Amino acid sequence: MSRRVLQACVRAYPREVRGRDGDELVLLATELAGRHGTAREALGLLRGGWAERRRRAGRGRRIAVGLAAATGSLLAVTAWSAATHPGRVEQETFTCADGCGDVEREVDARVDAGWDCAAENRDGPGTTWRCTLD
Amino acid sequence: MVAQVTEQALYILASLARAECHGYGISRDAEELSGGRVRLTAGTLYGALNRLTADGLVEPAGEREVQGRRRRYYRITAAGSAALAEEVERLRSTAAVLGARVRTAPA
Chain X
0 MSRRVLQACV
10 RAYPREVRGR
20 DGDELVLLAT
30 ELAGRHGTAR
40 EALGLLRGGW
50 AERRRRAGRG
60 RRIAVGLAAA
70 TGSLLAVTAW
80 SAATHPGRVE
90 QETFTCADGC
100 GDVEREVDAR
110 VDAGWDCAAE
120 NRDGPGTTWR
130 CTLD
Chain C
0 MVAQVTEQAL
10 YILASLARAE
20 CHGYGISRDA
30 EELSGGRVRL
40 TAGTLYGALN
50 RLTADGLVEP
60 AGEREVQGRR
70 RRYYRITAAG
80 SAALAEEVER
90 LRSTAAVLGA
100 RVRTAPA
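Chains as they are written, first to last, in numbering that gives the first Met the number 0: chain X, 0 to 133; chain C, 0 to 106.
Chain C on its own, in the form it takes in the complex (with noise of 0.2 Å):
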């Protein structure tokens, strides 16, 4: 059994699933994965990385030098992959029910 997680959440794992990364780059991959939709403060996204470092989907990955800053970079650890791809699963799921209903519904 893996924790859920919002939508800003499955939005940081997925950003994680690729590489590590900084607050910054995670905030910014997400808006793209999302088309614009999903934007991350930094507000949002310290809280949401702390809930998911507690809750063992996230882990912190030490601090970089990244263009005269330094950086906090995080990674998502194996429980996190598994709620990613649980998640995906049941969107994917839910997608294809309503779907269904969607195209047998009169016009």
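Okay, chain X solo, but in the shape it has when bound (with noise of 0.2 Å):
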């Protein structure tokens, strides 16, 4: 009867401590109602698994907050971006040292693709293209 009761108050525990911990909690029960009484163990299941509860419900809002938190700084790192390069989407860069024909043929094809190409490093050995497309 005892361990009936007791077994009923574990049910206060959330599905998963009862199938990690449930037996051993139940027959740590049993044996400390010996000293301390059957309707002793049986509140300290049912407090003891609400106490775990609360703790993990806490714990999962502490979670969506620090996830709302995340996705609020990566909207505004998004909206500074967008509000300090206006049009901006995409950047490419293209180098090459010499036998820069294949590289000038990707650049012209951008270019023909609707991109802004500069060339830099004129003097150089090499030449380094950046391209945007606004």
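To be clear, the hints were calculated from the coordinates, so they are not data collected in a lab. Nothing here was measured: the structure is a model prediction, and the numbers come from that model. Ideal Cβ positions, reconstructed from N, Cα and C, are used throughout, including at glycine. Treat the hints with care, since some could be wrong.
[Unchecked claim] Label-pair ranges, simulated between beta-carbon atoms:
(1) X:G36 <-> C:A78: 34 to 40 Å
(2) X:E89 <-> C:G61: 54 to 60 Å
(3) X:R46 <-> C:R17: 26 to 32 Å
(4) C:A104 <-> X:V4: 47 to 53 Å
(5) X:A38 <-> C:Q66: 24 to 30 Å
(6) C:A77 <-> X:R129: 55 to 61 Å
(7) X:D20 <-> C:T103: 50 to 56 Å
(8) X:A38 <-> C:R17: 29 to 35 Å
(9) X:R58 <-> C:R63: 27 to 33 Å
(10) X:G21 <-> C:E31: 37 to 43 Å
(11) X:G36 <-> C:A94: 29 to 35 Å
(12) X:D22 <-> C:A104: 50 to 56 Å
(13) C:T103 <-> X:P13: 20 to 26 Å
If you follow the hints, you should be able to join the two separate chains into one complex; please do so.
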């Protein structure tokens, strides 16, 4: 009888806890009921189970608040980026040291597609093109 | 800096400071140490041991067969010993200050 009552009280704990530690909790509560009485152990299990559920709910809320804060930060950064770089959606850089034919054809293809490409390092051994699509 | 411990946690740490122990043994020891004032139920003990384990003050020490049933053992960690020593020192200091006030208080 005492054991059945304690088994019922363990149901106050979340399913995950019951699956992992339920048997241990019932055995320990049954043993301690011999010293403290079944009623005291039953109340202890109910209080412990509710506390565990509250703790987990609190942790869930903290995770949700964290995610919301992270999402908010991401939106803020995106908004700031859009405000400081209006209309800029893509940027690529092309570099070649010598034999730049292939790279030049790639840059020309970008220009044909509407990209704005500017060459840099014209005096050096190689050339770099920065292409931006507004 | 060590984690702040509750009175129940203090007695659990004190119990484990003597030797590794299982839940039933910890509850019995805490009751004896406190002169019957602290009586840890299974629910209280389970929550406290989980919190102490999460704080790194206690760690699982495996399962052993005792009197026909498998029991989970726990042991105190170095951080747990430090927390216990710090809390005992704090209590000693508090008792000294308050004790002095009681001795000098007018009757």
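A quick look at each hint next to the structure:
{"no.": "1", "hint": "X:G36 <-> C:A78: 34 to 40 Å", "result": "holds, 35 Å"}
{"no.": "2", "hint": "X:E89 <-> C:G61: 54 to 60 Å", "result": "holds, 58 Å"}
{"no.": "3", "hint": "X:R46 <-> C:R17: 26 to 32 Å", "result": "holds, 28 Å"}
{"no.": "4", "hint": "C:A104 <-> X:V4: 47 to 53 Å", "result": "holds, 49 Å"}
{"no.": "5", "hint": "X:A38 <-> C:Q66: 24 to 30 Å", "result": "holds, 25 Å"}
{"no.": "6", "hint": "C:A77 <-> X:R129: 55 to 61 Å", "result": "holds, 57 Å"}
{"no.": "7", "hint": "X:D20 <-> C:T103: 50 to 56 Å", "result": "holds, 51 Å"}
{"no.": "8", "hint": "X:A38 <-> C:R17: 29 to 35 Å", "result": "holds, 30 Å"}
{"no.": "9", "hint": "X:R58 <-> C:R63: 27 to 33 Å", "result": "holds, 32 Å"}
{"no.": "10", "hint": "X:G21 <-> C:E31: 37 to 43 Å", "result": "violated, 28 Å"}
{"no.": "11", "hint": "X:G36 <-> C:A94: 29 to 35 Å", "result": "holds, 33 Å"}
{"no.": "12", "hint": "X:D22 <-> C:A104: 50 to 56 Å", "result": "holds, 54 Å"}
{"no.": "13", "hint": "C:T103 <-> X:P13: 20 to 26 Å", "result": "violated, 53 Å"}
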